[in-house]
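Here is how the chains run, residue by residue.
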Amino acid sequence: MKEYRTINQVAGPLIFVEKTEPVGYGELVTITLPDGSTKRGQVLDTSKDIVIVQVFEGTRGIDTGSAVRFVGDIVRLNVSYDMLGRILSGSGDPIDGGPKIVPEERREIIGAAINPYAREYPREFIQTGISAIDGMNTLVRGQKLPIFSGSGLPHNDIALQIARQAKVRGEGEEFAVVFAAMGITNEEAQHFMKDFERTGALERAVVFLNLANDPAIERLLTPRMALTAAEFLAYEYDLHVLVILTDMTNYCEALREISAAREEVPGRRGYPGYMYTDLATIYERAGRIRGRKGTITQFPILTMPGDDITHPIPDLTGYITEGQIVLSRELHAKGIYPPINVLPSLSRLMKEGIGEGRTRDDHVQWNDQMYAAYAEGVDLRGLVAIVGEEALSERDRRYLRFADEFERRFVQQGRYEDRDIDYTLDLGWELLATLPEGELTKIERKYIEKYHPVYRKKATA
Amino acid sequence: MEVKMAVGEVYRVSGPLVVAEGLKARMYDVCRVGEEGLMGEVVGLVGDKVLIQVYEDTSGIRPGDKVENTGMPLSVELGPGLLKSIYDGIQRPLPVLKDASGDFIGRGIHAPGLDRKTKWEFTPTVKKGEKVSGGDIIGTVPETEIVEHRILVPPRVNGVITEIYEGSFTVDETVAVLDNGTELKLYHTWPVRESRPFREKLPPVVPLITGQRILDTLFPVAKGGTAAIPGPFGSGKTVTQHQLAKWSDTQIVVYIGCGERGNEMTEVLEEFPELEDPRTGKPLMERTVLIANTSNMPVAAREASVYTGMTIAEYFRDMGYDVGLMADSTSRWAEAMREISGRLEEMPGEEGYPAYLASRLAEFYERAGRVRTLSGSIGSVTVIGAVSPPGGDFSEPVTQNTLRIVKVFWALDAKLAARRHFPAINWLQSYSLYADTLNEWFVENVASDWSELRTWAMEVLQEEASLQEIVQLVGSDALPESQRLLLEVARLIREVYLQQYAYHPVDTYCDPKKQYDLLKAIKEVNDMFFKALEAGKLVDEIINVPGKEEFARAKFEENYKEVLEKAVETMKKALLG
Ligand SMILES: Nc1ncnc2c1ncn2[C@@H]1O[C@H](COP(=O)(O)OP(=O)(O)O)[C@@H](O)[C@H]1O
Ligand SMILES: [Mg+2]
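Each protein sequence line maps, in turn, to chains A and B. In this text, residue positions in the first sequence follow numbering that gives the first Met the number 0: the first is 0, and each later residue adds one. In this text, residue positions in the second sequence follow numbering that gives the first Met the number 0: the first is 0, and each later residue adds one.
Some hints here could point you the wrong way.
If you want a taste of the chain A side facing chain B, the calculated C-beta under 8 Å gives, among others [claimed, not checked]:
#1 44
#2 108
#3 115
#4 266
#5 269
#6 309
#7 319
#8 370
#9 386
#10 440
Honestly, the hints are just simulated from the structure, not real lab data. All values derive from a computational prediction rather than experimental measurement. The beta carbon of each residue, even a glycine, is placed where N, CA and C say it ideally should be.
Extracted from the complex, chain A is given alone in its bound form:
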């Protein structure tokens, strides 16, 4: 393999190399610095005149005398069943002091697209034990459901609680966890690791760590490494894999950095126009495949800059993922954990995962009614702020109370409280029972008679 010392420009995370042999698009590159250390990169643009390489570990220390080698292959990850229980760097090297991973396979980290014809529609209910999710925005196995959070909100606790509690009812099988950290602080990472260790989850987890002080451009690799591992475990070893990606905002910043260095025409707020497509190549690596037992369920976490849901990062994510769980600073300030605002939250796949035989027969209509009632209560709060509660009718006051109770009793729960779906639904019925029965227009009579506390008491009396 030839070495070139023909770097003619270094710009941000990019190096420009001239007079090379023909180099393939997307090829892996190694750069040896004058001090003997090496860095890795990938070809972003190749022509007969010049090759542009993005350097994952950053370009610090690279000078025009550095030696560039084109490996003739694209970026791959060593995968093996023995990855479970291991901690790797953001680019896939073991950092837990353990042995090297003996690869069963070396997989390209750019996963090919799943043929839509090969997919199977996800419909198995995952009970997370969190009412605001199970009742209001139900998760199913193979779904990609992000958490839209803000800085300082307890998204990590929620992700951990889900990782601890997630189960498919009637199955003993536990999820394997692939955890990819991108640019989070060491403290945050420790929080995750400690919890994994304490609960024994680490044994069935693969951890990729790119921390805040690790190279930013490496973050472009990390989620792809994680998903490559997840696909291997799910589709070769039939595991149900839960992938947690945090924080996608840092990933997107790295993408923006590359784009700026290339002087591309920026899209909205400086993010590249292809960010949608790029994110899709990550988020779409979830789901079920016909004839394969394993599944990949994705939980990306992102912090919305300025708590703004219209910011390109949450916006493009929401356009790709199958819903979103939105956290609210207001609920957090009220001391409510988990501070999930159900109104902008959504699970697009819940309709197939709930109802008779999956959760419970009343769930669909119960859900409609709970949403309508809470939305009405929240609207009324705005009015109360102006005209005072006295100006409200009795009916309106009940809705107002409903909204409060909904947040305090239904949404609010303990970090270690694992609620059964029946418990969640019954709790909702208790709240609905505070409204006049005539208001429950979205629920059929038969369910009211079956589950409304008034009739249940009669039945048991």
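For chain A, the structure is supplied; the task is to place chain B with the ligands on it using the hints.
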């Protein structure tokens, strides 16, 4: 001097864009790139360089690799076998790709759009000695249980039939011969970027019945018309498009999943064969063609996908069918254009979109229409495009340029979606420029007072909106009684009429007659309420009248009419004695 040939070599690779040199090429020629022969299309010529957008992942392609020009424009195959198919953006059948490369889509796979082995039963409808020209029907093939595939003479071909055969044929066997020696087969090809010819455009005067109350009643689209559904994520674009694909009264549906989710295509694939067309009683899949170029599939093929779908739609139109084309989402197509344009280093326009964004959108929607076909029958293509504005902001270029062209605007509203009011179509913001023309049809075919009812409902909703502003300041108790009652009626219109759950087995589809009955009943209740008020009943009494719950749930029942009548009776007794 360099010799230009049909073979050249790669000079540069940048994502989906490959620059070739030493290649003789015209705009839009299809080329094969590299050893694997990745398919691409010429999108620019600069000096001696040829710019090619490649429909597959270009990893590993390097300068010096071979580039071949096929000399043909990007085309689709049109013939029996289209229905029930699912294709990628360049008409490769996804099941064939799966057979070739497994569950993940591999590279460099060539697959014709139409299967070469299937035999089709061909019955000629013309005889030897007859003169035929482009667009004429020479025979039929029963393609699915409900669709008769009419075999067309390719546009621009004409002559006298010298041979024509009856029997069982594959698509590329000759079924007829013309005096000039032209052999006609069950299929022909057509370049996707060129609209198929027809005799004349006809005025769109027949509504597309969608079975969705808010659409048919308030904002109807005509057969051959154009509509856009813009909305932020989660507001209901895809569900609305799926509803249209399921329940629209067209004979053919072409559904394009353009840069959206894989599972949404899977959903259609799993669901449509099980769903019954309310008009024919046969599975909906029998009339459907799917194009799936999902968000993670190559971006250049996404750009092509809308043209592939449109050409297939026009082809069925040319048989004299009404075709519905749904594109979800046109924004992803526009973004694909932007990405390629950026790589071409073209001068960017607004938000980085190419300056030709507006004209490309206009050209696309212009291919919609109700037409007299070359053979003299009437066919139509109705185009419904979803638009995904960043941040839900309708002032962005794709939404704005689309709204300048389309005649119907279904504005989705995140606020309505958040409170689970579905379809989350904002009734104050949306419009249909066909409404007046189509009124006539509804009056003639559904009910003589259709127009008045519709106007009444719109007025109540508008009145509600202005009253709401006051309520926000003073609370509803401060309103005069009659206005409080109006708010209650508006609520009935919203909750009973406008809300329609796509997943409810009965309410998912509502035929025009039922639409009318429901609205008429609400009007009746309105009149009753105001009469009771005049007679001295209190508003609270009226609002809490028994029978209202049953009334609200009537739409969920097969025998909704009885339920409505009974509920109205109950209310009447309580209020007017
Ligand atoms: N007509 C409808 N009936 C019932 N639910 C709907 C309807 N329209 C939208 N929804 C709900 O809203 C969610 C998002 O709708 P979708 O069409 O996927 O939004 P978009 O395509 O705009 O992102 C769906 O998963 C469904 O839960
Ligand atoms: Mg959608």
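Violations among the numbered hints: 2, 5
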